[in-house]
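Same order as they appear, the protein sequences are chains A and B. Counting from 6, one number per residue, gives the positions in the first sequence under our numbering. Counting from 366, one number per residue, gives the positions in the second sequence under our numbering.
A portion of the hints provided could be inaccurate.
Stated by the list, open to error - Not the full set, but computed from the structure, chain B residues with beta-carbon under 7 Å of chain A:
id: 1; residue: Y377
id: 2; residue: L415
id: 3; residue: V418
id: 4; residue: R436
id: 5; residue: Y441
id: 6; residue: V448
id: 7; residue: F452
id: 8; residue: P453
id: 9; residue: I454
id: 10; residue: L465
id: 11; residue: G468
id: 12; residue: L469
id: 13; residue: F472
id: 14; residue: H473
id: 15; residue: D499
None of these hints come from the bench; they were simulated from the model. Heads up, the beta-carbon is just placed ideally off N, CA and C, and yes, glycines get one too.
Each chain, written out:
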Amino acid sequence: MLADLLKYQFLQNAFIAGILASVLAGVIGFIIVEKKMIMMSGGIAHASYGGVGLGYLIGIEPIYGALGFSLLSAVSVGLIKRKGGTDSDIVIGLFWSLGMALGIIFISLMPGYPPNLTSYLFGNILAVTRADLMMMLVVAIFVSVLFISLFNNWKAYLFDEEFSGIRGTGVVLLEYLLLIMIALTVVVLIRIVGIILALAILIAPAATAKLLFRKMSARVMMSVVFGVLFIFFGIWLAYTLNTAAGAMIVLVAVITYVITYIATSSKLRKKIK
Amino acid sequence: MNVVEIKDLNVYYGQLQALEKINLIVREKDFLAIMGPNGGGKSTLLKAILGLVPIESGTINILGGSNKKKRHLIGYVPQFSSVDKNFPITVIEVVLLGALNKGLSFFHKFSEEEIKKAEQLLDKVGLVKLADRDISKLSGGEFQKMLIARALMTEPKLLILDEPTASVDAKSSQDIYNLLGSLNKEMTIIMVTHNVMAISSNVKELACLNVGLVYHGDPEISEEVVNSLFGCPVELVAHGVPHRVLKEHQEDNHVS
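Only chain A is shown next, with the shape it has when bound in the complex (with noise of 0.2 Å):
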């Protein structure tokens, strides 16, 4: 596969996509596997298919389509969470639902032949363009830029939100910025993953440096990096046994936390025997 690798071009672009991928996924995961924030990407992931399907339906790149939904609902939860408090939950599966079937709505209307949307929901890491990882790119600085320059903010608000908001610490333009993040992050996993997938390796990565890591910033860099291999690793499984990556992906990284997991409660099962 390394002499395949040096060969093709796609290869490179879903290697590159990939360690973009997953510093996205590694920030991001971290924030809302301890900020407990992972219905809402899940509902901001699904509400983007809607943009998907308008996109085909008015004839734009279907990604920018996704990207517009995507961040409507990211803002959308956002304010009706400053006002309404507790029912954010409903917002969010309903606005789970609805994207879904925004999308399936606009794609009927469409003259013709429906186009294929796979590609949309798993994602294809082999198809990823040039255009595509200058997306990525961007979208990475932006969002590690924004994590690493405000971090003791971020850990303030992640930490204890209240008293954050009481010392007037920009707490809520930190959430408004995170679920701006957050909706930049799902569009790029929707290229790699898909829609249907994004959250697994949203929250795999972050997971598993959760069980064997305490400190914030060890947390924050490994996931980076099991990110990294989880989607290396995936993408060589797929390529060797010939199936989709995104899924290959996904598997790999849910069996690594399973194992991890397992793993971890036994030890310590042990110290307390």
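Chain A is already provided as a structure; the job is to place chain B on it using the hints.
Coordinates of chain B only, in the frame set by chain A:
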């Protein structure tokens, strides 16, 4: 100037009235304890002072300005149970977060002085040896003292504590009350508590809250106050104190 001045405060949770017509003045160097039954609005009153819950009517002023504008002068110590004890952070890191500037600070690092001050505060609350410990390994009492140190890091004029001795053992509770007693020399303190022992220590004023303010005055709880507050005769026995807080209430057969 009054530290806290609450006028005709009404707060609703949906249809339910949580606070009714509260008028309360807290003066400089006061140490006010707020007691009352669960659902009596104690935490709601603290959250209203902190500007965390919307108020229906009335005003809350802190040191001569509206509470929303002046709340940075409050050192808030939340309830133990409301903070994530599994978050990956060490004791000194938590205390330092109290020194974070208003707004967003790009590429922020805590200064030498701030770190030194955090260490001094940890010394003051008796946690200096645990500075680098992960917070998941703290006992209830240690965790609470850490939250107090974080509040002190903000250089508050007013310290507000929500149940500072919930899930804290008796020895640590005593430590915390002694600490609050000495802090009271420098700042005004308001705390919500279930613990009657607290009232017998350094507290200077007592307020009893059951939607309305039932009692406000000296920290001598009379039987009438407690009975009107809880709606039934209550026997209060303080731990570690060789006397009853209330005198023994009479048995029914004595009355008849």
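These are the hints, each one checked on the structure:
{"no.": "1", "hint": "Y377", "in the structure": "14 Å, violated"}
{"no.": "2", "hint": "L415", "in the structure": "6 Å, holds"}
{"no.": "3", "hint": "V418", "in the structure": "10 Å, violated"}
{"no.": "4", "hint": "R436", "in the structure": "6 Å, holds"}
{"no.": "5", "hint": "Y441", "in the structure": "5 Å, holds"}
{"no.": "6", "hint": "V448", "in the structure": "6 Å, holds"}
{"no.": "7", "hint": "F452", "in the structure": "5 Å, holds"}
{"no.": "8", "hint": "P453", "in the structure": "5 Å, holds"}
{"no.": "9", "hint": "I454", "in the structure": "6 Å, holds"}
{"no.": "10", "hint": "L465", "in the structure": "5 Å, holds"}
{"no.": "11", "hint": "G468", "in the structure": "6 Å, holds"}
{"no.": "12", "hint": "L469", "in the structure": "4 Å, holds"}
{"no.": "13", "hint": "F472", "in the structure": "5 Å, holds"}
{"no.": "14", "hint": "H473", "in the structure": "5 Å, holds"}
{"no.": "15", "hint": "D499", "in the structure": "6 Å, holds"}
Consistency note: the structure conflicts with the earlier hints numbered 1 and 3.
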